[in-house]
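Asker: Now for the letters of each chain:
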Amino acid sequence: MEHDPAVIAGVSLAIETVIAKAVELSPGTQSRLKQLHPLAIEIHCTQPALKIFVSVEEDGGIQIASYRETKATVSIEGTWLDFSRVATASDPAAALINGDVKISGDTAPLMQLQTIVGELDIDWEAPIVNAIGPVLGHQLAQVIRAITAASGTTHRRMKRQLSEFILEEARLSPPKPELDSFFTAVDDLVLRTDRIESRLKRIKKRAASLTGAIE
Amino acid sequence: MSSQDNLTDDSTDFGYERVKTAEKAGRVREVFDSVAAQYDLMNDLMSGGLHRLWKRFTIELSAVRSGQTVLDIAGGTGDLAAKFSKLVGADGKVILADINAAMLSVGRDRLIDKGALSNIDVVQADAQFLPFEDNSIDCITIAFGLRNVTDKAKALRSMHRVLKPGGRLLVLEFSKPTSPLLSKVYDAYSFSALPAMGKLITDDADSYRYLAESIRKHPDQESLLEMVEDAGFVDCRYHNMTGGIVAVHRGIKG
Numbered sequence: 080m081e082h083d084p085a086v087i088a089g090v091s092l093a094i095e096t097v098i099a100k101a102v103e104l105s106p107g108t109q110s111r112l113k114q115l116h117p118l119a120i121e122i123h124c125t126q127p128a129l130k131i132f133v134s135v136e137e138d139g140g141i142q143i144a145s146y147r148e149t150k151a152t153v154s155i156e157g158t159w160l161d162f163s164r165v166a167t168a169s170d171p172a173a174a175l176i177n178g179d180v181k182i183s184g185d186t187a188p189l190m191q192l193q194t195i196v197g198e199l200d201i202d203w204e205a206p207i208v209n210a211i212g213p214v215l216g217h218q219l220a221q222v223i224r225a226i227t228a229a230s231g232t233t234h235r236r237m238k239r240q241l242s243e244f245i246l247e248e249a250r251l252s253p254p255k256p257e258l259d260s261f262f263t264a265v266d267d268l269v270l271r272t273d274r275i276e277s278r279l280k281r282i283k284k285r286a287a288s289l290t291g292a293i294e
Numbered sequence: 205m206s207s208q209d210n211l212t213d214d215s216t217d218f219g220y221e222r223v224k225t226a227e228k229a230g231r232v233r234e235v236f237d238s239v240a241a242q243y244d245l246m247n248d249l250m251s252g253g254l255h256r257l258w259k260r261f262t263i264e265l266s267a268v269r270s271g272q273t274v275l276d277i278a279g280g281t282g283d284l285a286a287k288f289s290k291l292v293g294a295d296g297k298v299i300l301a302d303i304n305a306a307m308l309s310v311g312r313d314r315l316i317d318k319g320a321l322s323n324i325d326v327v328q329a330d331a332q333f334l335p336f337e338d339n340s341i342d343c344i345t346i347a348f349g350l351r352n353v354t355d356k357a358k359a360l361r362s363m364h365r366v367l368k369p370g371g372r373l374l375v376l377e378f379s380k381p382t383s384p385l386l387s388k389v390y391d392a393y394s395f396s397a398l399p400a401m402g403k404l405i406t407d408d409a410d411s412y413r414y415l416a417e418s419i420r421k422h423p424d425q426e427s428l429l430e431m432v433e434d435a436g437f438v439d440c441r442y443h444n445m446t447g448g449i450v451a452v453h454r455g456i457k458g
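Chain order of the listed sequences is A and B. Convert by adding 79 to the 1-based position in the first sequence; the result is the number in the numbering used here. Convert by adding 204 to the 1-based position in the second sequence; the result is the number in the numbering used here.
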């Protein structure tokens with residue numbers, strides 16, 4: 080199915096705007112991006128079929144387009160699922176190299192870009208201060224920081240307690256050592272079944288040759 | 205006679221009206237004189253901001269590079285010219301052309317405000333008689349302008365003449381929706397809501413009624429493709445956008 084170019088243009092514009100804002104609020108990022116010019120990445124999603132191009136402009140700006148005629152520096156190809164796995168991985172760079180995504184071209188600038196993105200340090204207090212002034216803005220930023228820190232701690236605690244509840248209290252899922260032992264037993268069984276199968280084949284072959292000799 | 209744009213020796217379409225061929229340019233000028241000051245605002249309201257996305261894709265298709273010369277015909281308020289100005293850089297040049305002095309004046313003011321005039325020339329010109337040397341332009345765009353040209357075939361030939369070999373033409377224009385349901389909704393919108401909005405914002409319902417009518421009289425995707433090919437362009441194709449409400453046609457000068 081062919082996608083409507085206006086829809087792709089809209090999504091590209093939205094992503095571009097968010098990236099531009101993030102870069103603007105992250106001191107030093109624009110000058111680091113400038114050094115990557117003229118990097119152009121072709122992202123080819125095979126399922127659903129979609130091709131977009133991400134390029135670093137001379138001024139360090141990021142541009143996203145659905146059409147490009149000059150060859151990209153590096154091309155990345157995979158399904159939507161493959162790209163989602165990379166995006167949600169704890170180490171996206173390792174997931175990109177070791178996963179099902181195919182990469183061709185010069186990967187060095189791609190890794191540099193990944194490092195820059197990973198090191199983005201967004202000064203989100205600045206737009207708040209610009210909008211409502213330094214006194215109130217700083218106070219509001221402190222409140223947001225406190226809420227974010229508290230929700231982070233709550234999230235980690237909830238995650239640990241939920242995991243303990245599922246394993247220990249409700250026993251909805253077996254513990255990891257038990258699972259490992261089960262999988263080892265399954266592997267062992269598969270191995271032994273294979274051995275029996277090949278032994279049976281050998282016996283059948285010998286029986287057939289003995290029957291032929293008697294006749 | 206050009207059958208595809210209903211032009212005869214002495215009369216042509218002006219929306220659903222037939223007018224003398226010599227009168228059409230003057231009537232179109234009156235429409236754009238009336239809407240020039242609020243043109244961008246009306247475009248945003250009428251299309252819900254979609255015209256920016258249509259133009260964005262057109263710019264992508266242009267594949268314009270640093271140092272090139274771009275001619276934006278019927279460039280009006282200069283939104284495409286401002287984008288091209290950045291793409292061609294200091295070594296390149298953008299020519300913003302429009303037949304209408306009021307639109308050009310608004311466009312020039314906007315470009316001055318954006319500080320983007322250093323590599324932009326502003327020229328009042330008729331698309332049928334482009335005042336440029338043969339083989340001198342790398343890329344020509346005409347966005348929402350071709351349907352207002354009296355003799356579209358002549359304008360396309362004129363564009364072909366000034367383009368360099370290998371140069372490309374991009375025609376962004378309203379077209380025919382591909383779905384019958386969308387077509388009905390679109391008709392209802394353009395003949396009821398559009399003139400009402402025009403009345404409210406520019407106190408001029410007639411100009412916006414003309415815009416809706418001129419869209420319906422404009423050649424559909426396949427007919428325009430044929431016209432572009434007839435003008436001498438090769439490797440011609442078009443991309444529908446927003447269900448065919450708008451299409452961008454591309455042709456290369458061989």
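If you are wondering where the hints come from, they were derived from the structure by calculation, not from laboratory data. Glycine included, C-beta positions come from ideal geometry on N, C-alpha and C. Hints may be right or wrong, so weigh each one.
[Unchecked claim] For each label pair, taking beta carbons as the anchor points, the in silico distance ranges come out as:
{"no.": "1", "chain 1": "A", "residue 1": "Gly107", "chain 2": "B", "residue 2": "Leu245", "range": "35 to 41 Å"}
{"no.": "2", "chain 1": "B", "residue 1": "Gly252", "chain 2": "A", "residue 2": "Gly197", "range": "34 to 40 Å"}
{"no.": "3", "chain 1": "A", "residue 1": "Val208", "chain 2": "B", "residue 2": "Phe333", "range": "55 to 61 Å"}
{"no.": "4", "chain 1": "A", "residue 1": "Glu103", "chain 2": "B", "residue 2": "Lys318", "range": "17 to 23 Å"}
{"no.": "5", "chain 1": "A", "residue 1": "Pro127", "chain 2": "B", "residue 2": "Ala229", "range": "43 to 49 Å"}
{"no.": "6", "chain 1": "B", "residue 1": "Asp237", "chain 2": "A", "residue 2": "Thr125", "range": "49 to 55 Å"}
{"no.": "7", "chain 1": "B", "residue 1": "Asp407", "chain 2": "A", "residue 2": "Gly107", "range": "50 to 56 Å"}
Asker: Name the hints, by number, that the structure is in violation of.
Answerer: none
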